[in-house]
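Number of protein chains: 2
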Amino acid sequence: MKVIDWSLYVITDRKIQKKSNKEVVEEAADAGASVIQLREKNLATRPWVEEAQKVREVTRRRGIPLIINDRIDIALAVDADGVHLGEEDMPLVLARKIAPSLIIGYSVSTVEEALKAEKEGADYLGAGTVFPTSTKKDAGEPIGLERLKEIKKAVNIPVVAIGGINLSNLEEVLATGVDGVAVVSAIVGAESVREATRSFRQKIELFRRKL
Amino acid sequence: MKVIDWSLYVITDRKIQKKSNKEVVEEAADAGASVIQLREKNLATRPWVEEAQKVREVTRRRGIPLIINDRIDIALAVDADGVHLGEEDMPLVLARKIAPSLIIGYSVSTVEEALKAEKEGADYLGAGTVFPTSTKKDAGEPIGLERLKEIKKAVNIPVVAIGGINLSNLEEVLATGVDGVAVVSAIVGAESVREATRSFRQKIELFRRKL
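Protein chains in written order, with the working numbering: chain A, 278 to 488; chain B, 278 to 488.
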């Protein structure tokens with residue numbers, strides 16, 4: 278697997294976006310997002326593929342990895358870099374078997390789940406929800422910063438923190454040692470996706486320089 | 278591709294079934310179904326995989342091909358024999374590319390669509406809806422027996438007739454020269470799936486002997 282900069286992982290959400298996936302991804306990519314995840318719900322396969330194709334063009338032109346939520350068939354069809362899976366999605370072991378070349382991420386909220394996912398072949402983890410969030414109804418109870426730190430310490434694969442992360446709490450999240458932050462509403466729901474992404478990127482760079 | 282007996286292609290539908298997919302498939306397979314298609318709607322990937330795994334065991338034990346509706350990822354995950362696609366599903370060309378080893382079926386209702394699907398790599402066609410049907414709301418206008426015959430004549434790949442086929446019209450459908458009939462409600466919605474399947478099988482055998 279090629280080396281990936283996980284620092285600013287932006288996830289689309291058309292329910293809260295003011296623009297199309299393609300436009301949002303363009304702005305985020307231009308302003309410093311290092312990974313894009315395309316997430317769609319209740320979409321038939323054909324329109325899902327079409328959304329993914331549009332975004333794939335944008336991310337390829339900018340050399341940014343594209344991760345598809347849940348659907349391995351869509352990821353393979355548009356030649357995306359990876360898929361992100363959770364407990365309602367394809368079991369990790371099967372995903373690993375049918376898509377050996379994809380980057381596979383898995384959502385975890387405990388150290389136990391993190392160790393299991395690493396053992397089953399996950400390439401990176403999405404750990405959360407760190408703080409309360411309105412974006413994902415099934416996100417569960419917030420795990421907090423201490424648990425996040427434990428998860429990061431427990432595994433050798435990259436850990437991306439997710440859930441309720443904004444410019445105010447970004448620094449304390451980064452201080453846990455995670456490899457990056459995944460952001461939905463604070464970026465794709467912002468008035469200006471470009472400005473929001475740029476602010477996150479600046480804070481991340483500032484934090485790195487302090488290390 | 279191995280040679281497949283397309284004569285009696287049974288499609289599940291939990292909305293009208295009185296039993297689970299596994300039980301329905303067991304009964305149909307024992308009583309003479311030659312192909313099974315598992316069709317699910319609005320199911321998350323994880324439970325979809327679980328349904329498919331249960332049915333896969335049954336069909337494998339009986340040596341009957343299993344086709345998965347729409348989802349190539351599920352078909353690959355459970356090592357099914359194929360997928361069936363329509364206009365809301367994965368485009369045929371992409372499906373062929375990402376799943377070279379799967380049998381791929383495609384739904385058509387005109388000669389033009391049939392020729393296009395054959396050219397794009399479909400292994401068989403589902404042609405219909407032949408008669409009016411209540412099972413599939415988006416099935417469109419009935420194509421009738423004449424159109425069915427034209428489609429069968431136009432292509433070199435197997436053609437399975439679908440839509441509103443029952444014991445009363447079965448013989449006239451078979452007389453068009455199609456390779457098989459796909460049945461939903463008249464079998465999986467019947468009081469006894471076993472009896473219904475057996476009746477279809479007997480009529481098909483009788484028709485074949487007359488040829």
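It should be emphasised that the hints constitute simulated quantities derived from the structure, not laboratory data. Fair warning: there could be bad hints in the mix.
Because identical chains cannot be distinguished in the list, a pair is counted as satisfied if it fits within a single copy or across any two copies.
Claimed, not checked - Okay, derived cross-link-like pairs now, BS3-like style, lysine-lysine, Cα gap no bigger than 30 angstroms in a straight line:
#, residue 1, residue 2
1, Lys331, Lys396
2, Lys430, Lys480
3, Lys430, Lys331
4, Lys374, Lys331
5, Lys487, Lys295
6, Lys331, Lys393
7, Lys318, Lys296
8, Lys480, Lys295
Results of checking the hints against the structure:
1. Lys331 - Lys396: Only across copies: Lys331 and Lys396 sit 26 angstroms apart there, 34 angstroms inside one copy, limit 30 angstroms.
2. Lys430 - Lys480: within (23 angstroms within a copy, 66 angstroms between copies)
3. Lys430 - Lys331: Neither: 37 angstroms inside a chain and 38 angstroms across chains, both beyond 30 angstroms.
4. Lys374 - Lys331: This pair counts as both: shortest intra-copy Cα distance 27 angstroms, inter-copy 19 angstroms.
5. Lys487 - Lys295: neither (35 angstroms within a copy, 65 angstroms between copies)
6. Lys331 - Lys393: between (34 angstroms within a copy, 24 angstroms between copies)
7. Lys318 - Lys296: both (17 angstroms within a copy, 29 angstroms between copies)
8. Lys480 - Lys295: within (24 angstroms within a copy, 58 angstroms between copies)
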